[in-house]
Amino acid sequence: MPQFLILNSAFLAMHIPDGFLSLPILGVTWISTIGLITISLKQVESDYQDRTVPLMGVCAAFIFAAQMINFPIPGGTSGHLLGGTLAGVLLGPWAGSLVMSVVFMVQGFVFQDGGITAMGANIFNMGLIGTFGGYYLFRTVRNLVGQGLRGIVVGTAIASWFSVVTASAIAAIQLAISGTVPLLIGMTAMVGWHVMIGVGEALVTVATVTFIWRSRPDLLYTSSKKMNSELLR
Amino acid sequence: MPHSHSHSFHSHTDHHDNHHSHSHNTIAPTTRIVCTLIMVVAIVATPDAHWLTWLIYGCGIIVLLGMSQVDLFKLYQRFAVESIFVSVSVLGILFRDGEGIFWQWGFLKITLTGLLVFGSVLCKLGLTLVLMNLLTLTIPIPVLLQSLSILRVPPLLIAILGSMYRYLDLLVEEFTTMRRAAIARNLLAGKRWQRLVIGNMIGSLFIRTYDRGNRIHQSMVSRGYQGALPLPKSLKISWRDRLAFGFTILFAIVGQVAFYS
Chain A
1 MPQFLILNSA FLAMHIPDGF LSLPILGVTW ISTIGLITIS LKQVESDYQD RTVPLMGVCA
61 AFIFAAQMIN FPIPGGTSGH LLGGTLAGVL LGPWAGSLVM SVVFMVQGFV FQDGGITAMG
121 ANIFNMGLIG TFGGYYLFRT VRNLVGQGLR GIVVGTAIAS WFSVVTASAI AAIQLAISGT
181 VPLLIGMTAM VGWHVMIGVG EALVTVATVT FIWRSRPDLL YTSSKKMNSE LLR
Chain B
1 MPHSHSHSFH SHTDHHDNHH SHSHNTIAPT TRIVCTLIMV VAIVATPDAH WLTWLIYGCG
61 IIVLLGMSQV DLFKLYQRFA VESIFVSVSV LGILFRDGEG IFWQWGFLKI TLTGLLVFGS
121 VLCKLGLTLV LMNLLTLTIP IPVLLQSLSI LRVPPLLIAI LGSMYRYLDL LVEEFTTMRR
181 AAIARNLLAG KRWQRLVIGN MIGSLFIRTY DRGNRIHQSM VSRGYQGALP LPKSLKISWR
241 DRLAFGFTIL FAIVGQVAFY S
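So the sequence lines, in the order shown, correspond to chains A and B. Residues 1 to 233 in the numbering used here are what the first sequence lists, from first letter to last. Residues 1 to 261 in the numbering used here are what the second sequence lists, from first letter to last.
Isolated chain B (complex conformation) (with noise of 0.2 Å):
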């Protein structure tokens, strides 16, 4: 998936230049990452062929995504992208063993059990990856950060993550300007040498790496750190969250009624 990757890559940085949309801000985003999260499980835990579920999660995301105001070219482009890498292997299952015989042709052959497990990852796969799409694109990530520790994450974990997050550009550009050089001096043509290459090429990166990170402690040190981290500010409820959050829940228990009734 390196394509995926460096094409998302740059889609996703790109955003924070522009504005976010302002509808739903009203709604704290530890509030929104909540709301999600218990969509996304909500969607996963659906049994197979529950497709009323399905088509009623699709539709308040769809009234959702109205309200956000989101750019949909946009959530359109990293949609086509992440669901390009996903759709080989939903292919996979759709060509599954099972009972009942719905398409044959040659050795390959479509079944009924095939046809009904391939369409409920499908609506799984898509509600998700939209929800979750959404979520990145209307919270910058160091905010989306910062709403994790409010929801109890590891402030150390938090704060690797955001230390990871800030060096990510630096490592792929320089990881890119060596690949130029290699490439440069021609030294990516053949396949065994490629890989000999390439491998001296991680390695001469892992040693810039660990120097970097022994650097950026020791000017983080000469600033006062003392391996303290920050504690997360107090949550403050307003009753649009509280709001927010029931009628999620609630939501999400109609779905999942609505079939059975």
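So that you can see chain A by itself, here it is in the shape it has in the complex (with noise of 0.2 Å):
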């Protein structure tokens, strides 16, 4: 199937550049990534307080630098990590959702990667199916395996993989909607493109959290963080 092959490596950061998407999508995706936005940094503002710049800042830097390296992919090619997933468990859904927002407005505005009017379809796919559905997919697979090491990993995986599918399959969804890829050619290509790729990502995302895990467990982020914060004041 010749469109498999050509659309394969094109979504790869699942960055949808303009001109792909429809007016009522591109409004639909602009309304919720406006109003995540709002919300989550309300949320951030009054987790962090007067720290939310520096940290949110480099967190963000710290993604964008981790979306940059290559690595096998089981299946022969390679990918690099997209990191909704890994933004969520490290920093909880509404910091991570908004780190994953500003890397999207930071790669669409400054290096033109994914279009301007696509940033609210693309903030949409893995800010917040990625980022807020990982998150919460991980949580409650943790708390169904058990809160220790072999709970983060394999909510870590299971939740890593389905946010790259799951992000994927809405994107062929909005490119379908929009009658620029049909929804068949989309679904074949990008969906079944991402189930390998989620794999590379879920593989890396586990060693990653294990790591921080095994090293600075306090650096994890526990849904109590909040209240931590505010003893400390």
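Treat the hints with caution; some may be incorrect.
[Claimed, not checked] Just some of the chain B residues that point at chain A, by a computed CB distance under 8 Å:
| hint | residue |
| --- | --- |
| 1 | 26 |
| 2 | 27 |
| 3 | 38 |
| 4 | 40 |
| 5 | 124 |
| 6 | 129 |
| 7 | 130 |
| 8 | 132 |
| 9 | 199 |
| 10 | 203 |
| 11 | 207 |
| 12 | 223 |
FYI, nobody ran anything at the bench for these hints, they're computed from the structure. Ideal Cβ placement from N, Cα and C applies to all residues, glycine included.
Taking the hints as your guide, dock the two standalone chains into a single complex.
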């Protein structure tokens, strides 16, 4: 199937460029993205207070740097981290999705990687679905498996694989509704490809989170962090 | 897209050392951003196969390029790198299913629908890329961020964006150093091993990053930072800005209407 080969490497980072999405899709995704950013700004500011600017800034730069490195993906190709679930697991749903949104904004505005009009959709897919969804899936699985390292590993693996695959499926649906790429082709190419990308994402995310859990477990996000920071004041 | 990042990262940071074009510096950066966004939306919102509209917009952009005195070779370099990455996805559209077979070779076929959508996406993509590159080549990123605050983007978000942009170079360099160290120790040879090492590297980078963030915060506090952010400067709108703004809207509408006449 030629479409498969051609689309394959295109949406590696799922940065949809300008001109691929129709106006209704752009509108809906922009509105949800602005909502997400507004709420997460408020949440993060109340959680981190005057640490918000330096911490969120460097963490966004961290995700950007982590996305740059290539690693082999089972199946013979190579890819790089998308980092949505990683950001969610490390920083929590609000700070995580805020950091991912900031990464997409800088990539879109400064590097023209992902369109300006499609920025809403890109943040919606990776920030809302990838990070927010990824975090809550991680937490659900972790609560089912157990609170120790096993729970973290299983939770991270499942959440990062699912978040990548789901985000790609939603991108394919958006492209199909816009009339740019038919649903069948989009789904086979995007989702089929991201099933493999997701395996690489899961392996590297698990290695990262395990490393942090072993060396600095205090840095992993816990929902009680807010309480701690209030105690400290 | 890691290569596009690393490549464009340098080409994007380089241009700060150079002098910016002076010709439309008389128009405020805020106005230039708003006008660019209006044009980008107009280009993207144009229905498929409205070739005349894009032709008019394209001519306008060429005139703008001439007026801006931007380094055309630099623009071309950036455009080339960026379009390599998007062109792959555009090709996927060319071979989509649709009505009216235009060309067929084995199982590869180009339909008329495919050709229409392909051409339309190509026009939108090319024009928006040139416009956005023109904007970022003529406005330094710190000024771009300042202008966003005048445009009612939340100051906290802009502060985070600025903080990220400031530490981007540093973290990318730190990661490159770690990677070089891993290669020097032959740690990135095996495939399975490689993923583990990269995972550990990312983990280690996060620990360093988080600690760095806390250190930055402490030094900010020691300089009197209390979480309050500087308020955006009030906007002075000159007649040039009004003229540019009005002309952009008129031009966008004329482009759309021209197709139907």
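*Is the shortest C-beta separation between residue 207/B and chain A less than 8 Å?*
holds, 5 Å
*Have a go at the residue 124/B hint: is there a Cβ in chain A nearer than 8 Å to its own Cβ?*
holds, 3 Å
*Would the hint on residue 223/B stand, with a C-beta cut-off of 8 Å toward chain A?*
violated, 12 Å
*Restraint satisfaction for residue 199/B [CB to CB of chain A, less than 8 Å]*: holds, 2 Å
_Let's test the interface hint: is any C-beta of chain A closer than 8 Å to that of residue 27/B?_
Not OK, violated: residue 27/B not within 8 Å of chain A, min 19 Å.
*When the nearest CB of chain A is found for residue 38/B, is that gap smaller than 8 Å?*
violated, 12 Å
*asked:* Quick check on the hint: residue 203/B CB to chain A CB, less than 8 Å?
replied: holds, 3 Å
*Measuring from the C-beta of residue 40/B to each C-beta in chain A, is the shortest one below 8 Å?*
holds, 6 Å
*If you take the shortest Cβ to Cβ gap from residue 132/B to chain A, is it below 8 Å?*
Hint holds; residue 132/B Cβ to chain A Cβ min 5 Å, cut 8 Å.
*Double-check residue 130/B for me: the hint is only fine if its C-beta lies closer than 8 Å to a C-beta in chain A.*
Constraint on residue 130/B not satisfied, violated at 10 Å.
*Against chain A, run the beta carbon of residue 129/B and see if the smallest gap drops under 8 Å.*
holds, 6 Å
_Hint check, residue 26/B versus chain A [nearest Cβ-Cβ separation less than 8 Å]_ = Hint violated; residue 26/B Cβ to chain A Cβ min 23 Å, cut 8 Å.
Comparing the model with each numbered hint stated earlier shows that hints 1, 2, 3, 7 and 12 do not hold.
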